[in-house]
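A.B. asks: With the hints as constraints, model all of the structure from the sequences given.
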Amino acid sequence: MRITGASLILFLLPGLALQAAAQEADLFNPYERPRNGPPLTNVFRKVELNWLFKKLQDPRHHVSARMPQFALTDDEVWDVMAYLESIATPAPVAPVWPSWSGKTEDEMTDEEWDAMFEVQELGKVVWRQARCTICHSVTGPAGRIGGFVDLRVGGIDLDMAGTKLRRDWLYAWIQEPKAYFLNTLMPRYRLSGEDVKALVEYILRDDSFRTGTAPEPEPETVETWAALDHPTRVAAGKKLIETTRCVVCHVISGIEELLELPNREPVPSEGTFEYLAYDLRCLTCHSIEGRGGSYAPDLTTVGSRLHEEWIAGFLAAPDMVRPLSQQMPKFGLTSEEARVAASYLAEQRRDSTVPEALPTELLSTEWIERGRETFDVLGCVACHSIGEGAGGLVGPDLTALGERMRTGYMRHHPKHPHSVNNYSQEPDFGLSNEDADALAAYLATKHR
Amino acid sequence: MRPRETRRGVIWLVLAAVLPLTAEGQDLIDRRQQARGSFLATPQGIYEHFCAHCHGDDATGGGRLWASELAPEPSSLVDTSLDGSALVSFITAGSAAAGRSNLCPPWGHTLPSTDINRLARYILSLRRAPASPAPGSSDQPRTNRFPWLLVTVLAGEVGLILRLRLRRKETANAIPEDPAVRG
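Residue numbers (the numbering used here), protein chains in the order written: chain W, 1 to 448; chain F, 449 to 631.
No lab work stands behind these hints, which were simulated from the structure alone.
Note that the coordinates shown come from a computational prediction; the quantities given were computed from them, not determined experimentally.
Everything hinted at is true.
Examples of chain F residues toward chain W, derived with CB under 10 Å: (1) Phe487; (2) Phe498; (3) Pro553.
Ideal Cβ positions, reconstructed from N, Cα and C, are used throughout, including at glycine.
C.D. replies: Now the structure itself:
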């Protein structure tokens, strides 16, 4: 058999065309970042010194860390710390904390304790509404919870956050994560200063964040800290960091030129969906055209599934859709931001195989009645509830489905229940076209 | 590169380009994607993903939070009296086809039959009192043992024979390579 160049190109062409289509959307993929470790330039502002010492001495001290064991001697650890201290830049202006914030609970007066308790309770609410446990895990009284998304980076458990992090840094971090770590997966929540302060108080005081053993500073350690800025130590530390190749994972100023990587993603212009996806790190959980995570629903064709108004309302104030799965975090988007995202998703993310809307003749009483029968016969209530009747909680409530879902997709979905989510628990009933149409007519009508 | 190697390379290239477009290739890709959902790799994973909402992780039924309001309540699978083939057809065609309520949907269009068979076997293994074999039957353990030793020895033999044959072929091929013959 002779294979000519022309026939080869003909064979390859469809594959190349598919490749080109896949690259079309220019969205920030949080999983494609150049370095996996956090930057260390200002680590002195971030963590308590005894914690940093312990971490360098024994990286496995932290539960989910991926840092290799470098077997540094205590003296070498001091050298590295001396260099890290020498490169730290001045801290941004710190917020004003209440007078009791530095005290332990025993040192507080009763009034101070009451004030602290109130703030801490608010912080707990913020923590829950922000759904921090989707990514972060903590070990509470009921055992380990959270960390549901496989982020493919280590060190995101907060077991020791309460003993490790510095108050001012934590405040600045939650306000503006990318100011400290440009390629972080952490979204920027639109929280008020008071909410962030409350969240900081909750993290620094609650027992869930104090599970790990906090290394106590010893007297001679305190003395060594005082002498850290000695030039010989700084030079030795720099040498150690260079030879240990810390810059493969971390950004460390003064050394990063050893391994120059594009550290700055092109920031999309504000007021676009691309900017929101970059700022909120949507693709940590959602995916679009195969890029991003698999924790939350795929958004590639969401415009054919959901109404634009519903998406906008949901993004501004996320509500429950599937009662027993994790809910979307409350990012605190403005209605303008929610509108921008909704119009992009509704207009750009379409699937041409999904019909636009139901033909009007399907909305007749006979079709709706037939749909009701189909719904009953199939036993859909095992997973869905509708109207007043009782039903299962596995799938979404279908009472006001018409407000959320486009009618065309109601017709498409029962016939192709796995077209969006391969692993959906919804069974394929092998429905006929008429049954799917009747079901759509029934679901499109209001039930309350 | 010799022409034969080039041709082989081209054939591989063409195969790599065409494979995703064929039905079989698509099937292969689908199976790979399936494999990524490691929670569906074992029958227990399939059970936990599709069945445990209603029947519970321990298969005692009752519905837990997800389906506790259903009437009738999801049944216990550890007390089921169905045998293997009845269970397979129950899962495939749903509870309504078996003359019960319609709340357990048919899974025949969703899961491949191999998965349904494995699932049925898994559910039978959860049964409280094993129906068979009768206690004291002595041949049960012996049949379960796979003859690993025999397989290993046989594989070694086959490998040896293949190697010998390959070497013989090489020596046979070496004769025409002789410059005198070629010239």
